[in-house]
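Chemist: Residue numbers (our numbering), protein chains in the order written: chain A, 1 to 329; chain B, 330 to 658; chain C, 659 to 987.
Heads up, a few of these hints could be off.
What the hints assert, rightly or not - With a straight-line cut-off of 20 angstroms between C-alpha atoms, the simulated SDA-like cross-links for lysine to any residue are:
1. A:Lys-56 x B:Gly-419
2. B:Lys-582 x C:Glu-767
3. A:Lys-56 x B:Val-654
4. C:Lys-970 x A:Glu-109
5. C:Lys-911 x A:Gly-108
If you're looking for bench data, these hints aren't it; they were derived computationally from the structure. In this text the structure is predicted, and so the values were computed from the model without any measurement.
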Amino acid sequence: MINRPRIFSLDDTQQSVLNEHGFHGQDILSVNQFTPASLDYIFDVAEEMRAMVGRKGGADLLQGRVLSCLFYEPSTRTSASFIAAMERLGGSVIPITQGVQFSSVSKGETLHDTIRTLEQYSDVIVLRHPEKGAAAIAAAAADIPVINAGDGAGEHPTQALLDLFTIREELGRLDGLHIAMVGDLRYGRTVHSLTQLLTGYDVQLSFVSPEILRLPLDYMNQVRDAGKTVRETYSVADVIASADVLYVTRVQKERFTDLAQYEEVKDFYRITPELMDRAKPNAIVMHPLPRVNEIDVRVDTDPRAAYFRQVKNGMYIRMALLAAVLGKA
Amino acid sequence: MINRPRIFSLDDTQQSVLNEHGFHGQDILSVNQFTPASLDYIFDVAEEMRAMVGRKGGADLLQGRVLSCLFYEPSTRTSASFIAAMERLGGSVIPITQGVQFSSVSKGETLHDTIRTLEQYSDVIVLRHPEKGAAAIAAAAADIPVINAGDGAGEHPTQALLDLFTIREELGRLDGLHIAMVGDLRYGRTVHSLTQLLTGYDVQLSFVSPEILRLPLDYMNQVRDAGKTVRETYSVADVIASADVLYVTRVQKERFTDLAQYEEVKDFYRITPELMDRAKPNAIVMHPLPRVNEIDVRVDTDPRAAYFRQVKNGMYIRMALLAAVLGKA
Amino acid sequence: MINRPRIFSLDDTQQSVLNEHGFHGQDILSVNQFTPASLDYIFDVAEEMRAMVGRKGGADLLQGRVLSCLFYEPSTRTSASFIAAMERLGGSVIPITQGVQFSSVSKGETLHDTIRTLEQYSDVIVLRHPEKGAAAIAAAAADIPVINAGDGAGEHPTQALLDLFTIREELGRLDGLHIAMVGDLRYGRTVHSLTQLLTGYDVQLSFVSPEILRLPLDYMNQVRDAGKTVRETYSVADVIASADVLYVTRVQKERFTDLAQYEEVKDFYRITPELMDRAKPNAIVMHPLPRVNEIDVRVDTDPRAAYFRQVKNGMYIRMALLAAVLGKA
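One chain only, chain A, in its complex shape (with noise of 0.2 angstroms):
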């Protein structure tokens, strides 16, 4: 740690480092293009940013900047989180979160033209779009950086990426751990990306979810193929004992087209205190919320739940985004 770069006074081979990792006028589109060396500069600068908002709150760092927030589907957490990322480096942002659908879309404009006007006016743009794809259509129209704040059924790369750098945060390491991915697996676009990423370190993974929520195969192939030890149950019973990390997703009725089905299982995959006094005492739970019954809020004053400090997580990861695509960053 002692040689990282210090992000808030760059001097020139500081930002030597910071190019030679790429990010400077890049997009952020998908979990693929990080290697774990760029995820570890991303997540030392994410520290960084904690250390800089708990000592002063904000910086000017990117101060005279412009983000162009653009949603064309709510996504409250999301947008708010990109938001306070870009004001606590002393930039701005043209909030475009409601009624996109009303305006220029509505007049016939493509997502192309909607992107070439507001790169006239921002230096970056935050893109989250109902359609997978959107992302890339919108990287290639634009000049300036574009970050995937989800696109459907594609990518959500800032949300993986910012539950790695909490197991990181949370555990010290990340390397030597069990994961629990718990809940709806098949249709989870964040356990999706984090398995991907995890496949990249040394992890043990389990899967635990109901027979038609069951991990795609072309994920479980992923995996085996990376040569992780990988379990599949439909308990979390069976995992609780091991696990470092439980990553929690809701199962939703509106899934099973047997009720009695749902009802038969729906309770294998909550969370409740009675469950955590069999876990770890150093495991993490984990949610990418919003959370509906999945954890008891009884949980949530137990140490060990780490879903709201992923939320602050969350917005560091911005930042050290931000800062890295316009390239100081």
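Fit chains B and C to the known structure of chain A by using the hints.
Modeler: Frame of chain A; chains B and C shown alone:
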């Protein structure tokens, strides 16, 4: 006034004065939490804010601080006031003033979880919510200060503070005044809160309303228990000659089951230039706005029309409160 | 250019130059309020803004100043442009760009009262409204400057200014040019305003449209009264070889009662690479955007396609206007 704290360059003594008043880190939920002394303190700070804005527009007192402005129902006036207040102090805002209902909330997230999420990004939360008690729930959930910007039939304390501050600013004092509340005294939340605050001062109160919109008994009893001189009447004509303050609210047609009755009484509560001819030369007319036709627009040019100055005072009060709860504010 | 005011460090002389042009404290409501001299002044300031943004992204010229961005109808492009303009000058924004109709307005508040309220919080108001004349009503209500960002069938003066500025920036001059307006010249507000501004210069004008979308007679008479050389034609092919500027707008199918007629003429107004092969090497193609298919996307890579640079000029013009009306700008 000589020794009042100068909020823009706080030394240790001044900081401790501020802390003594107990605002640092506190929630602003109800008018009941204010004493005449703490009101005086906030009003003094608000006066400083006015002077600062007049001199240079803004300050950098809250630079690096972030306000989450979370409005579950739209209120342009109130949200704009808080946003301007935060921005003029050099802070930043996450504006969540539209469509909250379409986002996390629609995914079943509780207010508790939404608040716990937003507090990760921000230093203070301003909440508007249609349900009474929502502000208290939010305050219990958050470690950072929550300011109640109206919770349904509950309270809207910053409105009450700006109302009281306006009287003090316009007339130079609170004690010794005759204050007439006019219009809908039954449902008018601002009337109830201001009435409660006024019981702490040596004032004479008149309540002018139709029979069906009289001040509820519990508020009336509070006033009487505080030993105030009280008068109730059906027509503003009865108080116009002696009132120092006319606090006007709208008598809504919808409140009447018998429309003939509405037609009969509506003009008793309407402020016109002709009526103002009979008012004291230093009387003021206030209104929480929006106004429809309960104040004739011709009154706007009367120097005694204080309602737009009252709006401006709202910004100063909110600046003072934001600075105070953020502890140096 | 040597003695033009340097807006970022105004000395007293420069300040007085700015004041002489009469923008300080003024509203921007119509293109009619501009003279060629005052346009030159604004364009010079806009060029300074471009240079400043290129050099360092933003300035702190309007630090402590607050813009109320009040949009009664959504227009992502225009609101984003004003927000970016204000933020790049170090000012802050109250964004009221969605749902105005659900708030105060739905409670029956007049535009006059809404404007008088917002002026308490802010230093300048940008208004978009669906009704012609709304900007004038707002300007009459407010003591602070109001900038018309489009009032229905009325005007949209900042668009006209950015259009004219773009011609000057792209071609180095206004006098001596042949400018062809193409498409819907009847309903196109931007065409009308730009045409009016161009009557102040030594230009040749061509109007290319279907019969039912010809330029209204009063605008045509203004142009003729100003002694301009004018040509009207049905097809852009007739002007392509000699035009210096093609100002393209959309021919909407909905305007035609006889769809066969639309099908017959629509291609007369479509800009394609094949058409551009016959255009002058230094000609430029402009469009107020959004564009649908009236300009082939393959034209985008033609260096003569100026429409996205035109968007960027909109930000510089708005920066210049905000600075000018705030008097230091």
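Chemist: Does each hint hold? Answer for all of them.
Modeler: Hint by hint, here is what the structure shows:
1. A:Lys-56 x B:Gly-419: holds (14 angstroms)
2. B:Lys-582 x C:Glu-767: holds (16 angstroms)
3. A:Lys-56 x B:Val-654: Holds, at about 17 angstroms.
4. C:Lys-970 x A:Glu-109: holds (18 angstroms)
5. C:Lys-911 x A:Gly-108: It holds: about 13 angstroms lies between the C-alpha atoms, which stays within 20 angstroms.
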